[in-house]
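Enquirer: Spelled out from the first residue to the last, the chains are:
There are 2 protein chains.
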Amino acid sequence: MAGVPVSELIHPFSPKDLILPDYVPMVLPGSTILGVYGGVSLLVISFVWIIAGRFPKISKVDKVIICWWVFTGLTHLILESYYLFTPEFYKQKTPSYLAEVWKEYSKGDSRYIGRDSTVVAIEVITILLEGPACLLAAYAIATRKVYSHLLQIAVSLGQLYGTALYFITSYLDGDNFSASPYYYYSYYIFANSFWVWIPSLIVIRSWKKLCAAARIQDRTKTKSR
Amino acid sequence: MAGVPVSELIHPFSPKDLILPDYVPMVLPGSTILGVYGGVSLLVISFVWIIAGRFPKISKVDKVIICWWVFTGLTHLILESYYLFTPEFYKQKTPSYLAEVWKEYSKGDSRYIGRDSTVVAIEVITILLEGPACLLAAYAIATRKVYSHLLQIAVSLGQLYGTALYFITSYLDGDNFSASPYYYYSYYIFANSFWVWIPSLIVIRSWKKLCAAARIQDRTKTKSR
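As you go down the protein sequences, you meet chains Y and D in turn.
Numbering (our numbering) for the first sequence: 1 to 225.
Numbering (our numbering) for the second sequence: 226 to 450.
Next up, chain Y with everything else stripped away, as it sits in the complex (with noise of 0.2 Å):
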């Protein structure tokens, strides 16, 4: 570390030796980002529930996964969005809420404020493709259209697929990257598993849908012979 400013080291992510020229320090508690981040979401949820409930022929499923949905979706575009567009979020003098979350995140995986490639590459993914996926797909549940089951096993499995090479890449770089086992296992893994066990219950879901409509589509072939 010979010719680093001792200050560009002082900063409470995994490795020590990670260099945040210019970091400032944070300045809101954890509880309270992740309060308002889970506060905003319950709010969200209840408004899409209501909103969901005015559709014709919806069952209570299809209303708990437009909500998944909606929440998915904007945790796309809004949340990591931010932190796509915005390399520079731990400089900001005054911190906005939106950094405060990338830096507490990044104690459970300091690969994010330090801008490890695969991450950025699967934000980008992420980002551009599956968050307007996931906002559609609620729509299409909604609306009832014939897609609608594609569409959600097609992002799914883009979650999961994202979500597996997010891990993956971390063991394979020495999985060092947690400030402490605490950020490891209530961000890095609880926090995560969100989108391995929802997206793969969607999966099995509408895969069995779908294969029923085969089924139907395969009988009604025969009977027109």
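These aren't lab readings, by the way, just hints derived from the structure by calculation.
Keep in mind that the hints are not guaranteed to be accurate.
Partial selection, computed: residues in chain Y whose CB lies under 8 Å from chain D [as the list claims (entries may be wrong)]:
| id | residue |
| --- | --- |
| 1 | I125 |
| 2 | T143 |
| 3 | Y147 |
| 4 | G158 |
| 5 | I168 |
| 6 | R215 |
In silico DSS-like cross-links for lysine-lysine, where the CA-CA straight-line distance does not exceed 30 Å [as the list claims (entries may be wrong)]:
| id | chain 1 | residue 1 | chain 2 | residue 2 |
| --- | --- | --- | --- | --- |
| 7 | Y | K145 | D | K370 |
| 8 | Y | K208 | D | K316 |
| 9 | D | K433 | Y | K60 |
| 10 | D | K433 | Y | K145 |
| 11 | D | K318 | Y | K63 |
Note that CB positions come from ideal geometry on N, CA and C, so glycine has one too.
Model the placement of chain D on the given structure of chain Y, informed by the hints.
Expert: Below, chain D alone, put in the same frame as chain Y:
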């Protein structure tokens, strides 16, 4: 590069400061490597074409797509598997044909021989999940399984996601991994482009087929009401 013996820096790859201890130079010319790959692929495709023709009600387009799935599946499971499970391939004193393939390809993208973690992570997913799924897709088309189109969409999207990430990370890391423009355009761009346009065409085709099936299901439901 202080402390690195000059011998470890003598290799044909870019960037020049890539360190490959005990690198054994290539023995086969590029034309032989490509010729064998092309010849074997052609043999496999001819064999699959004949076998596929023996299944009932298989169209010509189906036969072409079955050939693609077997070709890409075997490429994943043999060629790419060898790379993944032989990290020291470039040190072999008497290099095998497969070791030569990966030295040759690394002229187009040295991240392979350098074992870049993104490339390795993409290969993990490609080999463990997509390889077997490609062969299953060929089988599913031949035996007209109801999940045939869904599986084809899932695997093709996985290939597209992997290829997109492969290109984006290279761009983010400086796009400086080709030994020359010839290798850049022929190996990195042209060879990989097959895993862009073929999966894209398959996704579009299978997507249309499945939407048609969903439409028939909708109509059947409406009638039975």
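Enquirer: Against each hint, give a clear statement of whether it holds in the structure.
Expert: Outcome of the hint check:
no.: 1; hint: I125; verdict: 6 Å, holds
no.: 2; hint: T143; verdict: 13 Å, violated
no.: 3; hint: Y147; verdict: 5 Å, holds
no.: 4; hint: G158; verdict: 6 Å, holds
no.: 5; hint: I168; verdict: 4 Å, holds
no.: 6; hint: R215; verdict: 5 Å, holds
no.: 7; hint: K145(Y) / K370(D); verdict: 24 Å, holds
no.: 8; hint: K208(Y) / K316(D); verdict: 48 Å, violated
no.: 9; hint: K433(D) / K60(Y); verdict: 29 Å, holds
no.: 10; hint: K433(D) / K145(Y); verdict: 13 Å, holds
no.: 11; hint: K318(D) / K63(Y); verdict: 62 Å, violated
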